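Trainee: As you go down the protein sequences, you meet chains P and U in turn.
For reference, each letter of the first sequence is one residue, going 46 to 150 in my numbering.
For reference, each letter of the second sequence is one residue, going 46 to 150 in my numbering.
Be aware that one or more of the hints could be misleading.
Think about it this way: if two alpha-carbon atoms lie no more than 25 Å apart in a straight line, the pair counts; the simulated DSS-like pairs of lysine-lysine are [to be verified]: (1) K112(U) <-> K141(P); (2) K141(U) <-> K121(U); (3) K136(P) <-> K126(P); (4) K136(U) <-> K86(P); (5) K86(U) <-> K125(U); (6) K133(U) <-> K115(U); (7) K112(P) <-> K141(U); (8) K141(P) <-> K115(U); (9) K115(P) <-> K133(P); (10) K141(U) <-> K136(P); (11) K86(P) <-> K141(U); (12) K112(P) <-> K125(P); (13) K136(P) <-> K136(U); (14) K136(U) <-> K115(U); (15) K77(P) <-> K115(P); (16) K141(P) <-> K141(U); (17) K125(U) <-> K115(P); (18) K86(U) <-> K141(P); (19) K136(P) <-> K86(P); (20) K121(U) <-> K136(P); (21) K115(U) <-> K86(U); (22) K133(U) <-> K112(U); (23) K136(U) <-> K141(P).
So the derived list for chain P, only partly shown, Cβ under 8 Å to chain U, looks like this [said to hold, decoys possible]: (24) F60; (25) L63; (26) L89; (27) E96; (28) N106; (29) A110; (30) I130; (31) Y132; (32) K133; (33) F135; (34) I139.
Rather than coming from a laboratory, the hints here were simulated on the basis of the structure.
Remember, it's a predicted structure, so these values are computed and weren't measured experimentally.
Even glycine gets a Cβ: it sits at the ideal position worked out from N, Cα and C.
Number of protein chains: 2
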Amino acid sequence: MIANTPNTPYYAVIFTSLRTEGDNNYSNTSEKIFDLAHRQKGFLGVETARESVGITVSYWNSLEAIKNWKCNAEHKAAQKKGRDIWYKSFKVRICKVERDYGFEI
Amino acid sequence: MIANTPNTPYYAVIFTSLRTEGDNNYSNTSEKIFDLAHRQKGFLGVETARESVGITVSYWNSLEAIKNWKCNAEHKAAQKKGRDIWYKSFKVRICKVERDYGFEI
Chain P
46 MIANTPNTPY YAVIFTSLRT EGDNNYSNTS EKIFDLAHRQ KGFLGVETAR
96 ESVGITVSYW NSLEAIKNWK CNAEHKAAQK KGRDIWYKSF KVRICKVERD
146 YGFEI
Chain U
46 MIANTPNTPY YAVIFTSLRT EGDNNYSNTS EKIFDLAHRQ KGFLGVETAR
96 ESVGITVSYW NSLEAIKNWK CNAEHKAAQK KGRDIWYKSF KVRICKVERD
146 YGFEI
């Protein structure tokens, strides 16, 4: 789904990653972390897709909300597993969404 | 591949889309447009993946470079096909990347 975000400005975290081989409980944890994100204060929506590269963009109403999410205990445990087991490499980009527009049939 | 972007700040265009049924010459045009983007002034890199939703994030060194790319004639023709044929819906988000960090094994 395309995230139903409010009027700009708001914030986006672009998380791009390359996975290691095997699931290693990634799918299960990933689902839990998505559920958890949806319940965080300031969360606006998320979009995700993976082919050769995985891209997850989460949207937030403030930089403070992003920081709080980064420091969430369960999320931190998942971040550690990401570095130790699931990802060959990743990049996190914190962005201010300055303008947006869309189209729908 | 994860885009090898320079130090912040730089700009990102997050393009999220839902496709209509059938290829309708999308794959062929899409490849051409990617090649063309790589040759645009101010282009820094691109990441793309599609599952139920398609996400393409392109990175640029200025808002002017993004504007010039939007107005490129071949790209404009593709944008029109996007609205007329290829997409059920899409959203374009213009962002300033304020901070980034990464990890590599």
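Trainee: If a hint holds in the structure, say so; if it does not, say that too.
Mentor: Right, here's what the structure says about each hint:
no.: 1; hint: K112(U) <-> K141(P); result: holds, 18 Å
no.: 2; hint: K141(U) <-> K121(U); result: holds, 23 Å
no.: 3; hint: K136(P) <-> K126(P); result: holds, 15 Å
no.: 4; hint: K136(U) <-> K86(P); result: holds, 24 Å
no.: 5; hint: K86(U) <-> K125(U); result: holds, 22 Å
no.: 6; hint: K133(U) <-> K115(U); result: holds, 20 Å
no.: 7; hint: K112(P) <-> K141(U); result: holds, 18 Å
no.: 8; hint: K141(P) <-> K115(U); result: holds, 20 Å
no.: 9; hint: K115(P) <-> K133(P); result: holds, 20 Å
no.: 10; hint: K141(U) <-> K136(P); result: holds, 16 Å
no.: 11; hint: K86(P) <-> K141(U); result: holds, 23 Å
no.: 12; hint: K112(P) <-> K125(P); result: holds, 16 Å
no.: 13; hint: K136(P) <-> K136(U); result: holds, 22 Å
no.: 14; hint: K136(U) <-> K115(U); result: holds, 14 Å
no.: 15; hint: K77(P) <-> K115(P); result: holds, 15 Å
no.: 16; hint: K141(P) <-> K141(U); result: holds, 5 Å
no.: 17; hint: K125(U) <-> K115(P); result: violated, 39 Å
no.: 18; hint: K86(U) <-> K141(P); result: holds, 23 Å
no.: 19; hint: K136(P) <-> K86(P); result: holds, 24 Å
no.: 20; hint: K121(U) <-> K136(P); result: violated, 30 Å
no.: 21; hint: K115(U) <-> K86(U); result: holds, 12 Å
no.: 22; hint: K133(U) <-> K112(U); result: holds, 24 Å
no.: 23; hint: K136(U) <-> K141(P); result: holds, 16 Å
no.: 24; hint: F60; result: violated, 10 Å
no.: 25; hint: L63; result: holds, 7 Å
no.: 26; hint: L89; result: violated, 12 Å
no.: 27; hint: E96; result: holds, 4 Å
no.: 28; hint: N106; result: violated, 15 Å
no.: 29; hint: A110; result: violated, 14 Å
no.: 30; hint: I130; result: violated, 11 Å
no.: 31; hint: Y132; result: holds, 7 Å
no.: 32; hint: K133; result: holds, 5 Å
no.: 33; hint: F135; result: holds, 5 Å
no.: 34; hint: I139; result: holds, 4 Å
Figure legend: structure checked against the earlier numbered hints; hints not met, in rising order: 17, 20, 24, 26, 28, 29, 30.
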